[in-house]
Amino acid sequence: MNNIFAVAGVVIKELYRRKDFYVLFIVTILICLVMASVNIFNDAKIVRYLKEICLLLVWLSSLVIAITTTARQIPAERENRTLLPLLAKPLTRPQLIIGKFLGCWLACGLTLLCFYLFFGALSASREHQWPLLNYFQAATLHWFMLGIIVAMTLLGSLVFAAPSSNSTICFVVVGGILFVGRHLDQVALTLREPVRTIVYSIYFAIPHLELFDVRDLIIHNWPLIPWLYFSLALLYAVGYLAVFLIGACLVFRRKAVN
Amino acid sequence: MHSPRTFLLLLVALLVSCFGLAAHLEPQFQAWPGSRAKGDIFNVVLGDSRRMFANQFYVKADEYYHSGYYPTMFDDNAAFQTTHMAADTGAVNDKNHGDEHGFLGPTRNWIDAFGRHFFPDRHTHLDAGGPDDDLSGSDNVREILPWLKLSADLDPDNVQTYTVTAYWLRERMNNTAEADAILHEGLRNCPDSYDILFELGRLYYESYHDTDRARNVWELGVRKWQKIYPTLDPEAQKDNRLIMEQLATHLAKLEEDAGNLPRAIEWFQAAQKVSLTPTLIQDQINRLKFKLGQELNPVLKPLY
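As you go down the protein sequences, you meet chains A and B in turn.
So for the first sequence, our numbering puts the first residue at 2; every next one is plus one.
So for the second sequence, our numbering puts the first residue at 78; every next one is plus one.
Be a bit skeptical, because a hint or two may be false.
Which stretches of chain A does chain B cover? Using the computed rule of at least three CB atoms under 8 Å from a CB of chain B, they are [stated by the list, open to error]: (1) 112-126; (2) 178-188; (3) 228-236.
Mimicking SDA-like on lysine to any residue, the simulated pairs with C-alpha atoms at most 20 Å apart in a straight line are [unchecked claim]: (4) A:K46 with B:M129; (5) B:K304 with B:Q314; (6) A:K46 with B:A205; (7) A:K46 with B:G206; (8) A:K46 with B:H202; (9) B:K137 with A:F180; (10) B:K137 with A:L179; (11) B:K137 with A:V181; (12) B:K137 with A:N4; (13) A:K46 with B:K304; (14) B:K137 with A:I54; (15) A:K46 with B:K350; (16) B:K137 with A:A37; (17) B:K304 with B:N266; (18) B:K350 with B:E283; (19) A:K14 with A:N4; (20) A:K46 with B:E255; (21) B:K137 with A:F42; (22) B:K304 with A:L179; (23) A:K46 with B:N266; (24) A:K46 with B:Q314; (25) A:K46 with B:K137; (26) B:K137 with A:R216; (27) A:K46 with B:P208; (28) A:K46 with B:R249; (29) B:K137 with A:K14; (30) B:K301 with A:L57; (31) B:K137 with A:I41; (32) B:K137 with A:L57; (33) A:K46 with B:Q303.
The calculated label-pair distances, taken between Cβ atoms and stated as ranges, are [as the list claims (entries may be wrong)]: (34) B:N132 with A:N4: 55 to 63 Å; (35) B:N293 with A:V173: 57 to 65 Å; (36) B:Q133 with A:M2: 49 to 57 Å; (37) A:G177 with B:G167: 38 to 46 Å; (38) B:N293 with A:T191: 50 to 58 Å; (39) A:G177 with B:F130: 53 to 61 Å; (40) B:K350 with A:G177: 48 to 56 Å.
Hints were generated in silico from the structure; no laboratory data involved.
Every residue, glycine too, gets a C-beta built ideally from N, C-alpha and C.
Generate the whole structure from the sequences, applying the supplied hints.
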């Protein structure tokens, strides 16, 4: 485990040395503050539009950080020729993969913490309430969803040639799942065989990332998600995360590193 | 080899010609009908496509009115043909049918059933308390206002945006000054709109209790309707009958309250011509005729 945490620690250090997070965080704050300063019919209690914009920016920023950070991990090690010396140490290939995953995932967790603290402060400044448990559920689901994306991108970085192509493909896949994933079965019903069966199979095979998007519940102050379903969702995420990680380990086991 | 002075003179000559050309072209550009320079930032950036975005934001306001419980393009949206926030003002022809509570239908599979715990899955209206069903929180309807304001900014010709905004500002926020302001902004942009005049009359009558201004505004609305109605196509005529019925019945109510019963009967008769429920209005006419008859008959005194 020490080896895994050592690799993860390097990844986290890399994140806070790079400017990506700071730029996205400051842009989010600036946009939200500008939107908050807009006068809407002299009513200072209007807040939900602000929560929506803030959460949208948080989601976009977190996706950008998760995908771009993960996509360059293994290719950068290979380009810098540090992969071979790294593996020459008492560090197995699966440990490297899991370390990289853990580092990226924890780094995403740290960025989410900052973003959600800002979001909480922003909404509390208007609503004068802080539904901590609701925010905890939303942030945790968001973080576990990023875990799936990080694992998927890590697998992609071993399959696709360049980080740019991997990032683009991951953005398209994640965007596609978030926008139409929930409705793919309805789309399938309108198609002819064999396309119908293929689309239906895709519906059941893909990780349903939209399950973790509970922004509407937060924006409109809906009650808590039942804890049983919340836990099941986390288990669902861990399942897909494990599938992608095992896939990455299997691919990396046979991959030439020089 | 040219001296620096030559370059300097050349630069000055270029600057002067640029300034002269700009000064020559500017008035022509301002007079050009296709110029966007006179419009606001949305007009300059988006052009006519802003109307498409305006509709998106208008629907977004209705989504907020339902606290996020809203059909997507994949769901059955028969019960959401007319936005509920507009239908609840009572001044819009409601084309909704079907089950507004269950547009999601029965669960399709385990993923669908599981997923319904992670998004709003119950039909509520903000003016009725929203997800908490807390009627004391009905002023939460304020949350629809940013999107309506944005929609009005993007498409200043959409009459419904002004009337819906003004209705909710007046009814739930008790913000009559802002309602008044948005309706007058609407009138500046759409001077022939009888819908805006109707809403303005309601504001004068119900909030300011100013009978004379309400009467004037509603009667102006009726005149505008009578002028525009014959020019509309049959489908639009069907949609526009409701507003005339509302104008006429409100005028009838106003005249009745003012004690002018014959005029009230005339307005009810005008409403009856365009109403989908003429028998109900006939009941009102009969009631007023009876009242009028009692007023005109000498009071019968008992002999003993």
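Hints, one by one, checked against the model:
For the segment 112-126 of chain A, the assignment as covered by chain B is violated, since 0 residues bring a beta-carbon within under 8 Å of that chain's beta-carbons and 3 are needed. Under a criterion of three residues with beta carbons nearer than 8 Å to beta carbons of chain B, the stated coverage of the segment 178-188 of chain A is upheld, 5 such residues being counted. With 3 residues bearing a CB less than 8 Å from a CB of chain B, the segment 228-236 of chain A meets the requirement of three and the coverage assertion stands. A distance of roughly 28 Å separates the Cα atoms of K46 (chain A) and M129 (chain B); the hinted pair therefore is violated under the 20 Å criterion.
Distance hint between K304 (chain B) and Q314 (chain B) is fulfilled; the C-alpha atoms sit about 12 Å from each other, no more than 20 Å. For the suggested pair K46 (chain A) and A205 (chain B), the alpha carbons sit about 18 Å apart, so the restraint of at most 20 Å is met. With a CA separation close to 16 Å, the supplied pair K46 (chain A) and G206 (chain B) stays within the 20 Å bound. For the proposed pair K46 (chain A) and H202 (chain B), the alpha carbon gap of about 18 Å is at most 20 Å, so the pair holds.
Restraint check: the Cα-Cα separation between K137 (chain B) and F180 (chain A) comes to about 17 Å, which is no more than 20 Å; the hinted pair holds. Straight-line distance between C-alpha atoms of K137 (chain B) and L179 (chain A) comes to about 19 Å, which keeps the hinted pair within the 20 Å bound. A hinted pair counts as satisfied when its Cα atoms are at most 20 Å apart, and K137 (chain B) with V181 (chain A) qualifies at roughly 19 Å. Taking the CA atoms of K137 (chain B) and N4 (chain A), the gap is about 50 Å. The hint is violated against a cut of 20 Å.
Restraint check for K46 (chain A) and K304 (chain B): not satisfied, since their Cα atoms lie roughly 42 Å apart, outside the 20 Å limit. Distance hint between K137 (chain B) and I54 (chain A) is fulfilled; the C-alpha atoms sit about 13 Å from each other, no more than 20 Å. In summary, the hint linking K46 (chain A) to K350 (chain B) is not supported, as the alpha carbons are separated by about 45 Å, beyond the 20 Å threshold. Taken as a hint, the K137 (chain B) and A37 (chain A) pair is honoured in the structure, with Cα atoms around 19 Å apart against an allowance of 20 Å.
Distance hint between K304 (chain B) and N266 (chain B) is fulfilled; the C-alpha atoms sit about 19 Å from each other, no more than 20 Å. Distance check on the hinted pair: K350 (chain B) and E283 (chain B) sit about 25 Å apart at the alpha-carbon level, beyond 20 Å; violated. With a CA separation close to 16 Å, the supplied pair K14 (chain A) and N4 (chain A) stays within the 20 Å bound. The hinted pair formed by K46 (chain A) and E255 (chain B) meets the criterion: a straight-line CA distance of about 15 Å does not exceed 20 Å.
A hinted pair counts as satisfied when its Cα atoms are at most 20 Å apart, and K137 (chain B) with F42 (chain A) qualifies at roughly 18 Å. Note on K304 (chain B) and L179 (chain A): the hinted pairing is violated, with a Cα-Cα distance of about 50 Å set against a maximum of 20 Å. Proposed proximity of K46 (chain A) and N266 (chain B) is contradicted: the alpha carbons are some 28 Å apart, above 20 Å. Between K46 (chain A) and Q314 (chain B) the alpha-carbon distance is near 40 Å, which puts this suggested pair outside the 20 Å criterion.
Only pairs whose Cα atoms come within 20 Å are accepted, and K46 (chain A) paired with K137 (chain B) is accepted, the gap being roughly 19 Å. A C-alpha spacing of about 15 Å is found between K137 (chain B) and R216 (chain A), which places the hinted pair at or below 20 Å, so the restraint holds. For a cut-off of 20 Å, the pair hint linking K46 (chain A) to P208 (chain B) stands: about 18 Å separates their Cα positions. Of the pairs offered as hints, the one joining K46 (chain A) and R249 (chain B) holds, with about 14 Å between alpha carbons and a cut-off of 20 Å not exceeded.
Taken as a hint, the K137 (chain B) and K14 (chain A) pair is broken in the structure, with Cα atoms around 41 Å apart against an allowance of 20 Å. As the CA atoms of K301 (chain B) and L57 (chain A) are separated by approximately 44 Å, the hinted pair breaks the 20 Å bound. Using a Cα cut-off of 20 Å, the hinted pair K137 (chain B) and I41 (chain A) holds, with the two alpha carbons roughly 16 Å apart. Straight-line distance between C-alpha atoms of K137 (chain B) and L57 (chain A) comes to about 15 Å, which keeps the hinted pair within the 20 Å bound.
Proposed proximity of K46 (chain A) and Q303 (chain B) is contradicted: the alpha carbons are some 42 Å apart, above 20 Å. Judged by the Cβ atoms, the range 55 to 63 Å given for N132 (chain B) and N4 (chain A) holds: they are separated by roughly 57 Å. Distance hint check for N293 (chain B) and V173 (chain A): the Cβ-Cβ separation is about 60 Å, which falls inside the suggested range of 57 to 65 Å. In this structure the supplied range 49 to 57 Å holds for Q133 (chain B) paired with M2 (chain A), their Cβ-Cβ distance being about 50 Å.
Between G177 (chain A) and G167 (chain B), the C-beta spacing of about 42 Å keeps the proposed range 38 to 46 Å intact. The beta-carbon spacing between N293 (chain B) and T191 (chain A), approximately 55 Å, falls within the hinted interval of 50 to 58 Å. Restraint check, G177 (chain A) to F130 (chain B): a C-beta distance of roughly 23 Å breaks the suggested window 53 to 61 Å. Between K350 (chain B) and G177 (chain A) the beta carbon distance is about 55 Å. The supplied range of 48 to 56 Å therefore holds.
Hint compliance for this structure: hints 1, 4, 12, 13, 15, 18, 22, 23, 24, 29, 30, 33, 39 are not met, and every other hint is.
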